[in-house]
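As numbered in my numbering, residues 32 to 516 make up the sequence shown, in order.
Calculated directly from the structure, the hints in this document are not laboratory data.
The reader is advised that the hints may include incorrect statements.
Unchecked claim - Heads up, simulated DSSO-like pairs for lysine-lysine below, C-alpha to C-alpha not over 27 angstroms straight-line:
#, residue 1, residue 2
1, LYS98, LYS161
2, LYS437, LYS421
3, LYS366, LYS272
4, LYS201, LYS252
5, LYS458, LYS240
6, LYS201, LYS98
7, LYS227, LYS198
Bear in mind the structure is a predicted one, so any value in this text is a computation, not a measurement.
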Amino acid sequence: MKRKPPNPTWNTRASTYPTFLRFAIPVATVLLAFGIKLQLESLFHLETPYLVFFASIMISAWYGGFKTSLLATVLSTVLIFYFFLHPDHNSFIIHNIKEAIEISIFLIEGILISVLSQFAHNALRKSEIKNIELKRSREHYKLVVDAVKDYAIYTLDPDGYITSWNKGAKRIKGYKAKEIIGKHFSIFYPQERINKKDPWNVLEIAEEKGRFEDEGLRIKKDGSAFWADVVITSLMDDQGKLQGFSQITRDMTKHRELDKRKDEFISIASHELKTPITSIKVFNQIMQKLSLQRKDKEFQHYLNRMEGQIDRLNEIITDLLDVSKIQAGKLEFKKDLFNLNDLTREIVEDIQTTTKKHRIIIEGKSLKKIFGDKDRIGQVLTNFLTNAIKYSPNTDKIVVKIIPQKNRVMVGVQDFGIGISKEHQEKIFERFYRVYTEDEKTFPGLGMGLYISSDIIERHNGKIWVESEKGKGSTFYFTLFYTKT
């Protein structure tokens with residue numbers, strides 16, 4: 032059940048006292064003020080001011096609420112009117128305007144004091160409630176954060192010194208809270224990254240962009256290293272002033288080892304599959320020659336289809352090998368100067384033979400030769416074009432754009448097909464990432480081509496990205512430098 036804190040009212044404090052006590056307070060305090068004033072006048076033989084009555088009004092407002100303070104104001108006014116305004120007459124008759132003004136001023140001042148006292152009390156009460164809520168919120172947050180064991184969650188001040196520490200952080204990094212709070216978070220970085228000022232650089236990026244994500248080695252208390260997935264978020268106040276950072280760290284060592292084993296398995300399996308696939312292809316080609324000699328057209332048709340499937344399987348195996356090489360950092364490149372225009376024309380001519388429906392158009396040309404691996408860049412172009420054909424089944428045109436720039440060239444492949452929604456565009460170049468939507472379920476693929484293409488372009492110091500709108504098509508771009516970088 033959702034509970035709400037009580038809303039302060041005119042009688043918030045009063046509601047904590049019994050009714051008789053609340054109304055006894057103004058009576059008692061006014062009588063006390065009356066006695067004090069009588070004593071002061073008898074001692075000093077002077078007309079003392081009415082400040083003692085104001086004190087009774089404020090006490091009544093504070094402890095009894097607004098109504099009791101009004102009662103104290105009325106009682107004080109009556110006593111002043113009867114006993115002190117005309118000490119010689121002791122009556123309720125106003126003799127002149129001065130007396131009327133004097134008693135009116137006291138009455139107004141009493142009411143104002145009642146109102147102001149209650150406002151002050153209510154403000155204090157609201158502050159108390161907010162402090163209680165804040166304390167409960169902090170306690171609840173601490174309980175929730177401490178309950179998380181798989182993530183190290185801690186906070187930093189604006190300079191990077193640790194200010195809080197959860198149990199997950201203790202489990203992952205080995206430090207107790209009392210050992211680590213107050214120390215700089217660079218203590219978790221390897222020395223070579225400290226020498227490069229990486230801990231301070233990441234805080235600058237997090238402050239500027241609001242968030243920073245990183246993967247890499249981190250150091251535990253015992254000096255051992257682990258592979259960490261880290262997210263640093265800047266903490267700003269309402270005025271946008273930096274108050275510190277929150278950091279969440281996950282130990283990814285086991286996941287990384289599993290990925291490594293998986294990549295090793297893919298690499299071994301792909302190599303082992305290469306030999307039987309090559310043998311099957313050779314046998315299929317022999318059977319094709321025999322079918323031609325026998326002029327068996329139906330048999331020839333099925334053998335041709337088998338040849339296509341063998342080639343497709345061979346492409347998948349090649350992609351799997353490339354993925355495993357990328358993960359191991361062993362993807363080979365043979366870079367040299369080559370003519371991008373000639374390469375593009377060759378790739379387009381080859382791909383054009385695979386589709387009768389689509390017409391592939393080349394627009395623009397490179398003004399200079401490109402320094403890079405010609406075969407790998409051809410692999411990227413092939414991937415872009417085959418994807419364009421695959422994901423635009425209801426259109427008949429694909430455009431290859433070559434756009435020369437100052438020191439580099441930009442290449443784009445545009446289709447007019449189904450397009451890619453924005454939430455998928457940033458992830459489309461990740462390994463094995465596939466977009467599964469209602470209109471894409473029938474398209475085959477393992478999500479390796481764009482991942483491989485991304486690595487190839489990045490290894491050429493270029494950039495790769497996509498511009499797309501759902502239902503209107505996509506344009507995949509990459510850039511390459513003219514000269515060696």
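Here is what the structure says about each hint:
no. : hint             : in the structure
1   : LYS98 to LYS161  : 26 angstroms, holds
2   : LYS437 to LYS421 : 33 angstroms, violated
3   : LYS366 to LYS272 : 49 angstroms, violated
4   : LYS201 to LYS252 : 10 angstroms, holds
5   : LYS458 to LYS240 : 20 angstroms, holds
6   : LYS201 to LYS98  : 56 angstroms, violated
7   : LYS227 to LYS198 : 30 angstroms, violated
Of the hints listed earlier, those the structure fails to meet are numbers 2, 3, 6 and 7, in rising order.
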